[in-house]
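Undergrad: Counting the sequence shown from 1 gives a position; my numbering is that position plus 307.
Keep in mind the hints are simulated off the structure, nothing from the lab. Watch out, some of these pointers could steer you wrong.
Stated by the list, open to error - Below, a list of computed lysine-lysine pairs in the BS3-like style, where the Cα atoms sit at most 25 Å apart: (1) 642 / 615; (2) 615 / 654; (3) 642 / 618.
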Amino acid sequence: MGIKFLHMADVHLDTAFRNRDPEMRHFLRDTVRSSFKAGIDLAISNDCDALLIAGDFFDNETLSFATEKFIFNEINRLNEADIKVYYATGNHDPSGVAYRAANMKWPSNVYIFGRSQPEAVPLTDSKGNTKAIIVGAGHEGTRESENLARLFPNIEYDDIPYIGLLHALVTGSSGDTEHERYAPCVLEDLESKGYKYWALGHIHTRGILSRDPYIIYPGNLTGRNPRETGTKGAYLVEIDDNETTVDFYPLSPICWVNMTEGNLGEAGDFDSLHRILAESIKVKLERENLPGDILLRLNIEGPCHLYKELKEEENIETLVEELVLDLNLRYLEIKADNIIPPLDPDKYRGEPHILGTLLSMLDIATDDEEILLGLSPERLAGFYKKDDEKGKVNYLQSLLKGLDYEAVARMVEVDDL
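Let the sequences and hints guide you as you build the complete structure.
TA: Here it is as structure tokens:
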């Protein structure tokens with residue numbers, strides 16, 4: 308007796324998108340909903356038995372009326388198709404706090420794993436036959452530190468597939484250093500239970516951690532910012548006669564792309580700069596061949612004769628407008644923080660003057676980790692990993708990048724800058 312289900316995670320409904328303008332905020336909120344709706348369409352069209360949501364279905368303690376209505380409409384569509392929903396709470400939508408989503412009255416086809424103690428729930432067909440056993444645990448608070456995976460029971464029946472559902476950080480998985488260590492575990496904790504499939508959430512980067520058994524992060528359902536790049540969606544999973552088949556399906560109507568262009572030495576005016584950037588973007592997008600609307604963050608860096616012009620926000624806005632029109636982009640953001648003047652700091656290093664001394668001090672600080680950490684304030688803006696000393700050093704070194712060029716530009720008069 309086979310079972311088919313859709314595994315998604317980290318939907319983050321009602322993300323605020325506070326640092327976006329109203330139009331973009333509205334667009335991104337709609338994107339989250341349309342991605343979820345596409346998942347419901349996929350589950351129904353493939354006659355799935357269940358939808359598994361591995362945590363962070365909601366983004367925060369608030370829930371708009373529009374989103375609440377939307378959720379119930381989509382869940383009821385699944386109910387009409389006799390598709391069950393199994394949802395394990397995560398750190399963004401914990402069950403044990405006064406979040407509005409925690410008080411929702413869900414339709415009869417929804418089962419919520421909201422307790423940290425795992426529960427085993429049989430998934431049955433219309434005749435009452437058990438097709439699989441879903442074992443899940445949820446986050447009761449916003450900072451779950453216990454290894455919940457270790458609490459999951461071993462299988463009791465060899466002839467029924469067990470499926471684990473959990474929002475957790477598996478140490479060593481791709482992207483684990485970018486996420487908080489909530490419900491941390493290791494791969495062995497999951498592999499030792501005898502389950503056929505582990506439906507995980509929390510890591511926003513898609514990844515298959517194991518194929519025997521399958522242990523999978525589907526990634527978040529849609530990219531919400533330039534760090535969440537690439538194709539986003541969910542896994543369609545089928546378990547039949549001890550054989551497990553998994554297929555990833557893109558569901559998001561957008562793709563974020565993050566790219567860097569540093570070859571701007573030949574850009575001497577707007578037209579040449581526009582031409583260089585447009586060609587670079589075209590090559591990148593043609594190579595990746597991503598589906599949906601493209602939202603692009605372009606980091607421009609390195610020596611450029613237009614150094615001063617690219618420090619002016621108005622000039623950046625003009626460049627953005629032209630590139631968006633020419634390349635049919637849904638959104639473009641240009642970061643020019645690392646543009647430097649076309650000067651050679653090495654020409655002034657070691658010289659007996661203030662600039663030479665300053666460059667030497669920058670070199671020493673960059674290379675000496677002890678000095679870097681000593682100069683750093685206790686609370687460092689933009690860096691949040693308190694116990695990651697190596698990560699802090701790398702972050703501090705990135706802040707110093709290009710300062711030698713900046714120092715030369717400020718202290719040496721160059722007519723063509």
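Undergrad: State for each hint whether it applies.
TA: For each hint, the structure was consulted:
| no. | hint | result |
| --- | --- | --- |
| 1 | 642 / 615 | holds (14 Å) |
| 2 | 615 / 654 | holds (21 Å) |
| 3 | 642 / 618 | holds (10 Å) |
Figure legend: structure checked against the earlier numbered hints; every hint is met.
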